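The listed protein sequences derive, respectively, from chains A and B. So the first sequence is numbered by this note's numbering: it starts at 1 and just counts up by one. So the second sequence is numbered by this note's numbering: it starts at 429 and just counts up by one.
No lab work stands behind these hints, which were simulated from the structure alone. On a predicted model such as this, the values are computed, not experimentally measured, just so you know. Take these hints with a grain of salt, some might be off.
Label pairs and their in silico Cβ distance ranges [claimed, not checked]:
1) A/Asp50 with B/Glu463: 31 to 39 Å
2) A/Arg155 with B/Thr434: 23 to 31 Å
3) A/Ala297 with B/Ala725: 55 to 63 Å
4) B/Leu852 with A/Ala212: 49 to 57 Å
5) A/Glu21 with B/Glu509: 48 to 56 Å
We put the beta carbon where it would ideally sit given N, CA and C, even for glycine.
Number of protein chains: 2
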Amino acid sequence: MRRFDTRDAGFEAAFDAYLNERRGQPAEVDAAAAEIIEGVRTGGLAALLDYTRRFDRADLTEQSIRVSAAEIEAGAADCAEDVRQAIAFAAERIRAYHERQRPADARFVDEAGVELGWRWTPLEAVGVYVPGGRAAYPSTVLMNAVPAKVAGVGRIAMVTPPGKLQPAVLAAAKAAGVTEIWRVGGAHACAALAYGAGPIRPVDKIVGPGNAFVTAAKRRLYGVVGIDALAGPSEIVVVADAANNPDWIAADLLSQAEHDPAAQSILITDDAAFAAEVEQAVDRQLAVLATGEDARASWRDHGAVILSPLDASPGLVDRIAPEHVEFAVDAPERLADRVRHAGAIFMGRHTPEAIGDYVAGSNHVLPTSRAARFSSGLSIYDFIKRTSIVKCDPASFAILGPPTVALAEAEGLPAHARSASIRLNPRA
Amino acid sequence: MRRFDTRDAGFEAAFDAYLNERRGQPAEVDAAAAEIIEGVRTGGLAALLDYTRRFDRADLTEQSIRVSAAEIEAGAADCAEDVRQAIAFAAERIRAYHERQRPADARFVDEAGVELGWRWTPLEAVGVYVPGGRAAYPSTVLMNAVPAKVAGVGRIAMVTPPGKLQPAVLAAAKAAGVTEIWRVGGAHACAALAYGAGPIRPVDKIVGPGNAFVTAAKRRLYGVVGIDALAGPSEIVVVADAANNPDWIAADLLSQAEHDPAAQSILITDDAAFAAEVEQAVDRQLAVLATGEDARASWRDHGAVILSPLDASPGLVDRIAPEHVEFAVDAPERLADRVRHAGAIFMGRHTPEAIGDYVAGSNHVLPTSRAARFSSGLSIYDFIKRTSIVKCDPASFAILGPPTVALAEAEGLPAHARSASIRLNPRA
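Next comes chain A alone, as it looks inside the complex (with noise of 0.2 Å):
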């Protein structure tokens, strides 16, 4: 782990060095999705089936693609009563607090008597991708698919890597209502989503994380569809005085270490020997985490900011504009009403971040790489859209009119200019 000191001559600098040790994505990887991108959009369902052979080394035809029904309903039953239970509290959360964002539609009539206002409606169809593997998590499918439902979607297609389905994700995703579950994954099934492959028809925007190659297809094929995010490896922020139970800190700091060995994680104190003991606490847990390898790995390029007072945190916080932040201090209030650039902010001493994660009812997919400074976490508002809404009658056009055609003359363009005229002066 590291270790800075905000008293140091050097800290601004080195601070500065740290915050932007960034890994770009390899060209290679861009270069690979185009390729991919390319083959399903030309080659449809038997590039799709030819990719999903070649790098998921599984053999699927036009039927078996699909999760039938039967397989969804028989794994949702196999998962633990437990986990079932916490599932369907999590879902009920999320849906309650999605349902808080809904954006009320406007009309209204201006003093120059112009109509106007704006309408929101749900997307249409939506692609949610879920990871395979070790990273196949009932969360994920929550938290991309019970926003979009909030929202009215009417269409959510899952996809996911060919393999055996945890049954834990399958109750996900009844509790979500998805019944529309696609054995694909990679670039190829990000393609497939954006232009359809056979039985899978197009969707209007692909959200939900992957790996580099999901990334590079995302990033590129943004436009044809929308997406979400770009996810990065995972981060936190812990603002923590003394008077903290340093193994509940160290807790907290390994929730995120151990998603990825690229993931943040970075103690704020104002007490070095605090910060010690956090670090005592960090190696004693590592020491028995199953998740250990990849929690050491991270904890090892991050670590703890001697910073005092508290009161200067959430300077320091918005300059790393951090995915998740806690507040693990008195009347946190205090410092987190100055916070500006952060996904989730958590507060107090009895709120880790986990609860985010899974059960809060707030979104756990948020901004990562600083992109707090412009953007926020997954909502509601990923699954609508606006249409912009503009009436005039004969009196209001004659008071917009005269300025539009005066505007439309300043910018060069006649017809623009003409279309106001011809209205005002019917013989002209």
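Following the hints, position chain B against chain A.
Quick look at chain B alone, frame taken from chain A:
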């Protein structure tokens, strides 16, 4: 121009083929943009000035790259009075419309006793790209900068290729409160905004239209910064019955056609004779139109669809998912309210689309190339982002903790589980 008739046997296939006739981005443009971005990222200001010499034939320095306050004042003073007044009128209407879009923060305590909510905050810094030459439009400045100001963005950095700055563009910058303008364009300007270059400090998001290099650069930079949608050629669908003046409808179709040879203008009418009258009116207007060359090239590829009754038009509009649609009929709500996929709807016989380009107040940056299926026009939402908030006390944590442990264990994430269980059983 073309003519489609929904009663023809081959209509479905022919119209689908027409909708899919879309121009891809050449791979060379993308590769060139990638190289330029890398050049500016590693070479900073020197590289930026070098690209500006090579591509824009302008020899600038660290000083002359910025448009001075005196130049902005002098340029704005040169703006014709009627245009200046129209700019002020438009700016105020855009401000008022976008002010109504501001979403509320939320904070509530649910039945489990968990405090939840979210908070919206503005982006800190935004770059606005304004094309040069003939396409240097004051309305571009207003439509991008005014919503950013309404959102509370602290810093707006405008970039525009070197060359004579149009007085109307500078007047619009002044009206929008833009004081930071840089004389740079192309992919190199986008890279300078994303990574910073000499006196140009980095921004958090880049908005505004540009040529193919700018669009390719924005797609490449997505993730480093936020971007608005990738703009394509303009589009209009006019749904009109035979009670319209064919000259008015022809003017509306040409108002989009004049933008670009690749623009898409489509008339939907239930009356073949009226379609013929509109076609003749288009030809008459084209003959005297200063922008006739582009408009003629565009109109050659598009035209009329005969559809009866017009009651079926919302379904056809949804298939096209156009940037703009006009309903030039009586009681336009009857049709307009059933449209799901369109950037903006203009209702009635006195609402030409050009109103929306300038002074309606709604934003003229709208989804093109069928992106209205999954995205919205520019709005205050482009300049704010949302942070989720979660706060448990010991009692509510006791409710949320156990299902968190169950799900984390099911997902094979023991450190996630431990961050919850350690607070449930402090001895564990």
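Verification of the hints:
| no. | hint | in the structure |
| --- | --- | --- |
| 1 | A/Asp50 with B/Glu463: 31 to 39 Å | holds (33 Å) |
| 2 | A/Arg155 with B/Thr434: 23 to 31 Å | holds (25 Å) |
| 3 | A/Ala297 with B/Ala725: 55 to 63 Å | holds (58 Å) |
| 4 | B/Leu852 with A/Ala212: 49 to 57 Å | violated (37 Å) |
| 5 | A/Glu21 with B/Glu509: 48 to 56 Å | holds (55 Å) |
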